[in-house]
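Line by line, the protein sequences are chains V and A.
Letter 7 of the first sequence, counting from 1, is numbered 6 in numbering that gives the first Met the number 0, and no numbers are missing.
Letter 237 of the second sequence, counting from 1, is numbered 236 in numbering that gives the first Met the number 0, and no numbers are missing.
Please note: incorrect hints may appear among the correct ones.
A short list of chain V residues far from chain A (calculated; beta carbon distances all over 12 Å) [to be verified]:
#1 M0
#2 D37
#3 V39
#4 H48
The calculated DSBU-like cross-link candidates involving lysine-lysine, where the alpha carbons are at most 35 Å apart (straight line), are [claimed, not checked]:
#5 V/K7 <-> V/K46
#6 A/K49 <-> A/K139
#7 V/K7 <-> A/K49
#8 A/K223 <-> V/K46
Just so you know, the hints here were simulated from the structure itself, not pulled from any lab data.
We put the CB at the ideal spot given by N, CA and C, even for glycine.
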Amino acid sequence: MNLIVNGKSHSLETITLADLLQALEYEGNWLATAVNGDLVTREDRAKLHLAEGDRIEILSPMQGG
Amino acid sequence: MLNLYDCTLSSRLLLGTARYPSPAVLSEAVIRSGAGVVTVSLRRETAGGKTGGAFFELIRGLGVRILPNTAGCHSASEAVLTARMAREVFGTSWIKLEVIGHHDSLQPDVFELVEAARILTEEGFSVFPYTTDDLVVGEKLLAAGCRVLMPWCAPIGSAAGPRNRPALTAMRAAFPGIPLIVDAGLGRPSHAAVVMELGYDAVLLNTAVAMAGDPAAMAEAFAKATEAGRLAYIAGMLQPRDMAVPSTPVIGKAVFS
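Full structure from sequences and hints, please.
Take a look at the structure:
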């Protein structure tokens with residue numbers, strides 16, 4: 000299915016958000032995730048089932064003022 | 000001592016972490032500044048990337064409080080989501096709330112700002128709003144639940160220093176019990192001293208230190224200026240006069256002719 004990850008289109012056969020992170024080799028406890036504009040906590044990633052066209056944001060700490 | 004949301008801090012300088020020439024220079028600048036709080040941000044992580052992790056470890060190793068920001072957000076909904084994601088990553092309910100309303104000046108959209116502050120306060124966040132020196136907006140932010148206000152003194156990154164001292168003075172007078180932090184626009188240590196002399200509780204800066212020739216030395220210079228300004232405010236300053244007043248006593252002066 001087609002998913003938009005950080006603004007880029009990906010064709011992936013993943014079921015949950017946790018699967019997606021693994022498939023794209025994201026790791027570490029410093030990531031924050033949102034799907035279609037809603038926060039998805041670490042605990043909920045394995046429970047969140049993705050659907051065609053979902054927009055996923057994966058953020059991490061960055062320098063800021 | 001500075002008290003922000005029931006957290007007591009010995010330093011009145013809060014430091015940003017962006018635009019330093021290297022992570023090592025950033026670390027040295029934070030240490031030399033004596034800052035107890037640093038601001039950070041969230042950005043998209045590339046697939047398989049470890050950039051954020053390395054930065055996160057560096058900041059945690061400094062042993063300071065983390066104040067995540069919502070920089071780059073242009074609406075209340077964007078800012079609220081970013082704040083929620085920041086709490087997830089950084090494990091703090093502190094949030095520097097930025098909602099930008101104008102591309103050139105980076106002036107905050109105060110309408111969206113107040114709305115985001117209201118939502119985040121209800122969700123248990125401790126909101127540090129980046130705002131203007133508008134008194135009505137300040138009142139509305141406090142009504143929304145903010146217990147700190149952070150007015151700009153000039154546009155972000157401009158290094159212009161306090162452009163409207165009367166407005167900053169009026170804001171200090173209008174909110175006597177509220178911690179006021181000048182956020183954005185400070186370019187040199189004397190600017191920090193000026194706003195601290197006006198009675199501001201702290202300053203938050205980034206570019207003026209990060210882009211200095213020697214960021215660590217500039218961090219220390221700002222720390223000293225901030226402390227000097229605070230001490231002067233407490234000590235009570237002489238008001239300017241139009242005419243000269245001799246400092247040396249004239250009584251007993253010799254007469255030679």
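### Hint numbers not upheld by this structure, sorted from lowest to highest
2, 3, 6 and 8
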